[in-house]
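On the provided structure of chain L, position chain C as indicated by the hints.
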Amino acid sequence: MKKQSAYLKKLTNPFRSGKIKLPEFHHGHHGRGVTSKRIAEHRGRQIEVHTTYKFFVDGKPLKMHAEVMDDGKVHCHTLPQYSFTSAIKMLKRVVNIMSIEQPVNELKKPKKKSHHAGGHHDS
Amino acid sequence: MTVNRRNILNDINARDQFLQGVTLLDQEFPGVSAQDVLNFLAANVPHMSIRGINQQLSTYDLFVLWHVVAMSIPLQVGNAAHNGPIFLPWHRLYMIRLEQELQRVLNDTNFGLPYWDWAADGELPTSQQLTTDLWTDDYLGEARGDVTQGQVNSVRVRLFNDFQNSLISINPRPISRRAGIDVRRLPNKDEVDVAVQQDEYDVPLWNSNVVSHRNILEGWLNGPALHNRVHVWVGGDMSPGSSPNDPVFFLNHCNVDRIWEAWMMNNARNYRPVVGEGPDGHRIDDFMVAILGESLRPQDVLDPTQWYQYDELDVAN
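The listed protein sequences derive, respectively, from chains L and C.
The numbers in this note's numbering rise by one with no breaks, and the one at position 64 of the first sequence is 64.
The numbers in this note's numbering rise by one with no breaks, and the one at position 21 of the second sequence is 21.
None of these hints come from the bench; they were simulated from the model.
Every value quoted in this text rests on a predicted model; they were computed, and no experiment measured them.
Heads up, a few of these hints could be off.
Pair by pair, the computed Cβ-Cβ distance ranges are [to be verified]:
#: 1; chain 1: L; residue 1: Gly-72; chain 2: C; residue 2: Gly-150; range: 38 to 44 Å
#: 2; chain 1: L; residue 1: Pro-103; chain 2: C; residue 2: Asp-137; range: 26 to 32 Å
#: 3; chain 1: C; residue 1: Asp-146; chain 2: L; residue 2: Asp-71; range: 34 to 40 Å
Covered by chain C, according to a simulated footprint, are these stretches of chain L (three or more residues, beta-carbon under 8 Å) [what the hints assert, rightly or not]:
#: 4; segment: 8-16
#: 5; segment: 78-92
#: 6; segment: 103-111
We treat Cβ as the ideally placed atom computed from N, Cα and C, and that holds for glycine.
Isolated chain L, as found in the complex (with noise of 0.2 Å):
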């Protein structure tokens, strides 16, 4: 029981510790999946096809990563497995999977800001 007991103290200690070691490149580019970028080569010539999305439900902004497929569907890490023929089929799928749950918040934001090396804000 001891035993068990201290393993899970260091199993889960990154909980405690506040810190886990993630490269430098796993940080940042968060703001990333507003804009999509498609790249292709036709002809000797690059091609790229640049796509802004903007989501909102009931008004609110809703910071989604999404992205535009070659083949034009559309994609969310939101939910990793699907692809949609369009935008507002991905929105409307989104909002019938994930607003079942909404609990009162209970959590408190830490009030010591966090800095971590490596990262920035691109949107």
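Coordinates of chain C only, in the frame set by chain L:
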């Protein structure tokens, strides 16, 4: 120690141990609360957050959290767990860690994760795919609705993915499914065969549009296909990034890993992008996002035989 991973429909012992182990991990509370998770996210992944009730989280919940965190970290291509070459090695690492935790709570170092050969069920008529043994009380319980019967009826969902790629800590509730509604049928053996016949593990531009073993197996081409299709077919809690809430997640991914392993055996365990090519976070020597246990690189997991082997690698026709 090398353990054997077996077909859940052919091995009652593997089935019972898996379902018992999941239940034990779901009832084990290692002293991490939702508030601890909020503090952790603020320090490590500040673009993510969690709201809702403050409650103790189980070891199983922390695996759910790990998956959501990894998929919420965007890279130049895809994210730290999906939509790129890292998809297969990251899930291999993730399942090795779950297998180790199941071995611990079961007190059995011989335990190996079982897999669900969904392509075999995909050969059945569509109407019969919902009524196989897997969706009975002896296995995973109901294919549609709340799972209130069977061996995982006590497993509770406490973390749920919200709109904005963050988490909600909810009042604990049963697992929910809506199998066969969003797509009617499972993938079949012919579709697996296309993935296995590919010459390249992955190719530039390394994304959801390329023709490669990884991208076909992940299920983006003519999607939802293969792995993606199984998530969409089960539906309910298998839909959002918190999909590991449903233990069928691990049966699906164990089979995906088995198909990759079948490909690896015939393709000299090749992996791309190698050192110096491709996007950050997907290369063979990039450390993968890990919350529970040590991180590894793709090159560390290409040969899994130090941990496990499959009883059967005849995955297609």
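Okay, the hints, checked on the actual structure:
no., hint, verdict
1, L/Gly-72 - C/Gly-150: 38 to 44 Å, "41 Å, holds"
2, L/Pro-103 - C/Asp-137: 26 to 32 Å, "30 Å, holds"
3, C/Asp-146 - L/Asp-71: 34 to 40 Å, "36 Å, holds"
4, 8-16, "holds (count 7)"
5, 78-92, "holds (count 6)"
6, 103-111, "holds (count 8)"
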